[in-house]
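Top line first, the protein sequences correspond to chains V and Y. Counting from 165, one number per residue, gives the positions in the first sequence under this note's numbering. Counting from 245, one number per residue, gives the positions in the second sequence under this note's numbering.
Just so you know, these hints were derived from the structure itself, not from any lab. Quick caveat, the model's predicted, so the values are computed rather than measured. Hints are supplied without guarantee of correctness; some may be wrong.
What the hints assert, rightly or not - Lysine to any residue pairs mimicking SDA-like chemistry, simulated, CA-CA at most 20 Å apart: (1) Lys585/V <-> Asn484/Y; (2) Lys252/V <-> Leu438/Y; (3) Lys420/V <-> Tyr486/Y; (4) Lys268/V <-> Pro488/Y; (5) Lys237/V <-> Ser282/V.
To be verified - In silico contact screen, one side only, chain Y against chain V (beta carbon under 8 Å); selected entries: (6) Gly286; (7) Thr298; (8) Gln319; (9) Ala389; (10) Leu445; (11) Asn489.
What the hints assert, rightly or not - Which bits of chain Y does chain V cover? Going by a derived footprint, with three or more residues having C-beta under 8 Å, they are: (12) 299-306; (13) 321-327; (14) 337-347; (15) 357-363; (16) 412-424.
Don't be surprised by glycine CBs; every beta carbon is placed ideally from N, CA and C.
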Amino acid sequence: MQYMVPEFEVERNTSRCISCGACVRQCSYEVHYFDVDGKTVLADESKCVACHRCATICPTHAIKIKAYDMAYKPHANWTPVVQQEILKQAQTGGVLLSGMSNNKPYPIYWDRILLNASQVTNPSIDPLREPMEIRTYLGRKPKKLEFHKNGKLKTKLEPQIKLETPIMFSAMSFGSISFNAQKSLAMAARKLGTLFNTGEGGMHPGLREYSDCAVVQVASGRFGVYKDYLENCRFIEIKIGQGAKPGIGGHLPGEKVTVEVSNARMIPEGSDAISPAPHHDIYSIEDLRQLIWSLKEATQYKKPVAVKIAAVHNCSAIVSGVARAGADIVVMDGFRGGTGAAPTRIRDNVGIPIELALAAADQRLRDESIRGTVSLVAAGSFRNSADIVKAIALGADAVYVASAPLIAMGCHMCQQCQTGKCNWGIATQRPELVKRLNPEIMHERVVNLITAWNHEIKEMLGGMGLNSIDSLRGNRMMLRGIGLSDRELSILGIAHAGE
Amino acid sequence: MKIVTAGKSSFRTLNAEVREALETENDVRIEDVNGQRYIGAGLDRGKRLEVHGTPGNDMGAYLNGGAIEVFGNGQEAVGNTMGGGSITVHGHVGDTLGYAMRDGEIYVEKRAGSRAGIHMKEFREMQPVVVIGGTVGAFLGEYMAGGTLLVLGLEKHPDRPIVGAHCATGMHGGRIFVRGDVPEENVSEHISVLRPGEKDLADLDRFVREYCARFGKDFDAIMQVPFQKLVPTTSRPYANLYTPN
Ligand code: SF4
Ligand code: SF4
Chain V
165 MQYMVPEFEV
175 ERNTSRCISC
185 GACVRQCSYE
195 VHYFDVDGKT
205 VLADESKCVA
215 CHRCATICPT
225 HAIKIKAYDM
235 AYKPHANWTP
245 VVQQEILKQA
255 QTGGVLLSGM
265 SNNKPYPIYW
275 DRILLNASQV
285 TNPSIDPLRE
295 PMEIRTYLGR
305 KPKKLEFHKN
315 GKLKTKLEPQ
325 IKLETPIMFS
335 AMSFGSISFN
345 AQKSLAMAAR
355 KLGTLFNTGE
365 GGMHPGLREY
375 SDCAVVQVAS
385 GRFGVYKDYL
395 ENCRFIEIKI
405 GQGAKPGIGG
415 HLPGEKVTVE
425 VSNARMIPEG
435 SDAISPAPHH
445 DIYSIEDLRQ
455 LIWSLKEATQ
465 YKKPVAVKIA
475 AVHNCSAIVS
485 GVARAGADIV
495 VMDGFRGGTG
505 AAPTRIRDNV
515 GIPIELALAA
525 ADQRLRDESI
535 RGTVSLVAAG
545 SFRNSADIVK
555 AIALGADAVY
565 VASAPLIAMG
575 CHMCQQCQTG
585 KCNWGIATQR
595 PELVKRLNPE
605 IMHERVVNLI
615 TAWNHEIKEM
625 LGGMGLNSID
635 SLRGNRMMLR
645 GIGLSDRELS
655 ILGIAHAGE
Chain Y
245 MKIVTAGKSS
255 FRTLNAEVRE
265 ALETENDVRI
275 EDVNGQRYIG
285 AGLDRGKRLE
295 VHGTPGNDMG
305 AYLNGGAIEV
315 FGNGQEAVGN
325 TMGGGSITVH
335 GHVGDTLGYA
345 MRDGEIYVEK
355 RAGSRAGIHM
365 KEFREMQPVV
375 VIGGTVGAFL
385 GEYMAGGTLL
395 VLGLEKHPDR
405 PIVGAHCATG
415 MHGGRIFVRG
425 DVPEENVSEH
435 ISVLRPGEKD
445 LADLDRFVRE
455 YCARFGKDFD
465 AIMQVPFQKL
475 VPTTSRPYAN
485 LYTPN
């Protein structure tokens with residue numbers, strides 16, 4: 165006995181159901197099944213995760229997924245979710261494991277920040293009529309420029325990454341997501357003039373041709389890291405931390421290490437891929453410096469090196485240290501960032517919002533007069549173009565998005581990525597599920613999404629009387645808080661609405 | 245053979261000079277090395293460096309099939325994330341030897357510090373080998389996922405263990421050979437200490453012969469002491485840790 169009622173209820177409208185069996189075939193959680201008569205479709209709802217695949221695919225829209233309507237004696241502390249989690253652990257003795265991102269109702273500061281628009285003076289600009297620049301360059305910039313007498317640049321510039329949009333796709337390894345999902349992102353990145361990120365899973369040979377729009381990650385497990393991998397990318401990203409699970413490593417269970425995953429990670433098939441919590445060659449900021457420079461040496465200073473950290477308490481000091489250690493790009497990942505699998509307690513309780521971390525780090529780098537030398541990339545949940553505009557005004561050079569393009573490809577936030585049964589062909593390695601996701605179609609949907617966001621960013625810029633994203637970067641005058649305390653406003657470095 | 249003198253140059257200057265020399269030569273000797281880091285990082289197959297003096301940290305990182313021979317002691321992270329090739333050190337090395345190496349061989353004449361062979365892995369024909377002539381510090385082979393570590397414990401100080409504490413913590417693949425007795429209290433749980441099998445003995449023969457050839461040691465004398473083999477009891481140490489939520 166499970167001691168638990170189901171979380172969801174599958175409601176089938178029998179007058180609509182034509183017994184086609186699509187739901188039976190499509191649900192990888194094996195919820196739907198035919199009764200002995202071979203006609204009546206039944207459901208074992210205790211297995212349903214509310215991914216909506218069946219309801220979406222049903223040709224007569226006969227299926228509705230509802231919350232299981234169970235009355236509990238009201239208790240604000242011992243909510244049904246709290247009780248269910250205890251029951252799961254009482255049953256198995258296991259650490260609770262979740263997918264996707266922190267789902268607790270912490271404040272979302274993007275929703276408490278308002279943007280400015282020009283009126284009368286400094287008139288607004290119409291992006292449909294006038295050029296509007298959102299091209300973004302990442303990489304280390306010199307403190308000052310020196311010129312020869314003939315006007316030519318004397319200062320030797322470090323390699324720069326040119327992006328046609330300030331939006332990049334964050335790290336999602338092949339293993340945590342399917343090949344088709346990763347390929348869709350790679351194809352979209354190329355069309356959009358931006359980058360996708362291999363995550364810590366190495367490079368699938370089938371994506372080698374996209375190395376001109378790839379960021380390759382070096383994480384503690386060093387999976388798939390070898391010279392050729394480091395040389396075939398736009399920049400290298402050292403992963404120290406991840407917003408969804410700061411302070412812990414990763415663990416891809418052997419079941420997900422298929423032949424193909426094993427090829428990319430360069431480990432035997434079926435073996436557990438364990439990324440330790442720390443890099444065991446990095447126990448200090450000096451050691452991090454060493455890894456940064458060893459990568460630069462191995463790639464002959466042709467590749468910028470980024471360092472990604474999770475947004476945690478005091479992260480502005482860490483960002484400053486990382487920048488001084490030689491990182492060309494510093495990535496901060498907020499606590500609403502997604503993941504293929506994280507212990508639930510860590511996902512939901514560790515780290516801080518990217519809004520606060522970003523504002524604090526940008527300010528710290530300014531105070532230390534090094535903000536201009538390093539690029540700052542923010543990650544950890546951007547839901548729409550307005551979030552991104554606000555992030556850039558808070559000091560980000562660019563942002564990483566992952567959940568949004570996954571939703572564009574079908575993800576319904578069921579948060580069961582860790583099971584490897586994703587019905588949408590995203591967080592799975594099962595061939596019959598992976599083939600549901602067609603990169604030819606899906607990359608177009610991602611391109612559509614980011615193209616729409618690019619337009620919206622231009623529109624918001626124009627409204628503020630700016631014609632280039634560079635004029636927005638760190639321009640906190642364009643932001644006002646609403647309903648925030650003095651302390652929150654001071655960390656964000658913005659005034660309150662009405663001021 | 246081209247000769248480059250390191251002296252007091254910065255690592256950046258020295259490594260640029262070495263790379264330039266390697267463009268036209270396959271063999272380069274670096275003299276008077278004084279702690280310069282990243283020597284031979286990413287060195288390709290067919291290239292060989294001879295290092296005289298004391299190379300700095302991360303020597304031979306991401307080694308890509310090249311060969312490095314050090315006449316002196318190595319420091320930390322020799323052969324870090326090495327992808328293939330060969331490193332020989334006529335002396336001691338510091339911590340994190342061969343971190344996450346995937347292929348190739350490292351032979352150290354004398355002692356190695358702690359965290360040697362952490363997260364070593366293997367992949368098909370890529371079977372990395374690390375041979376340490378002396379004793380080794382704590383956390384040998386932590387998280388080891390593949391390949392072979394061999395510790396000979398030559399010239400062992402009577403008060404020092406041949407392998408330090410927490411040996412093979414989280415090991416889930418590969419094998420560790422230790423010559424002589426393994427201090428039980430230093431070996432982590434989920435590790436079995438076994439007698440080497442037939443294939444192991446053949447491999448040991450080969451590795452020890454290679455060690456003796458590189459450092460001019462007496463093969464028969466070394467082989468007089470029996471070896472122990474450490475392997476993980478499970479390849480899935482964390483298989484039952486989680487429950488889906
Ligand atoms: S798990 Fe998804 S596909 Fe299966 S019944 Fe629930 S909503 Fe439908
Ligand atoms: S990727 Fe798939 S499994 Fe993960 S939340 Fe989205 S739909 Fe669910």
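Here is how each hint holds up against the structure:
Under the criterion of a C-alpha separation no larger than 20 Å, the hint pairing Lys585/V with Asn484/Y is consistent with the structure, at around 18 Å. For the proposed pair Lys252/V and Leu438/Y, the alpha carbon gap of about 39 Å is over 20 Å, so the pair is violated. Pair hint Lys420/V plus Tyr486/Y holds up; C-alpha atoms about 15 Å apart against a cutoff of 20 Å. Using a Cα cut-off of 20 Å, the hinted pair Lys268/V and Pro488/Y holds, with the two alpha carbons roughly 18 Å apart.
About 53 Å separates the Cα atoms of Lys237/V and Ser282/V, which puts this hinted pair outside 20 Å; it is violated. Taking 8 Å as the C-beta contact cut-off toward chain V, the hint placing Gly286/Y at the interface holds, the least distance being around 4 Å. Interface restraint check: Thr298/Y against chain V, minimum CB-CB distance 16 Å, threshold 8 Å, status violated. For the restraint placing Gln319/Y at the interface with chain V, the shortest Cβ-Cβ distance is roughly 11 Å, beyond the 8 Å limit, so the hint is violated.
Hint on Ala389/Y holds. Least Cβ distance to chain V is approximately 6 Å, under the 8 Å limit. With a cut of 8 Å, the hint placing Leu445/Y at the interface with chain V is violated, because the nearest CB-to-CB distance is about 23 Å. Interface restraint check for Asn489/Y: the shortest CB-CB distance to chain V comes to about 4 Å, inside 8 Å, so the restraint holds. Look at the segment 299-306 of chain Y against chain V: 4 of its residues bring a Cβ nearer than 8 Å to a Cβ of that chain, three or more, so the hint holds.
Check on the segment 321-327 of chain Y: 4 of its residues sit with their Cβ under 8 Å from a Cβ of chain V, so the three-residue criterion for coverage holds. Given as covered by chain V, the segment 337-347 of chain Y passes the check, having 4 residues with a CB less than 8 Å from a CB of that chain where 3 are the minimum. Check on the segment 357-363 of chain Y: 3 of its residues sit with their Cβ under 8 Å from a Cβ of chain V, so the three-residue criterion for coverage holds. Proximity of the segment 412-424 of chain Y to chain V, defined as three or more residues with a beta carbon under 8 Å from a beta carbon of that chain, is established by the 3 residues found.
Against the hints set out earlier in the document, violations occur for numbers 2, 5, 7, 8 and 10.
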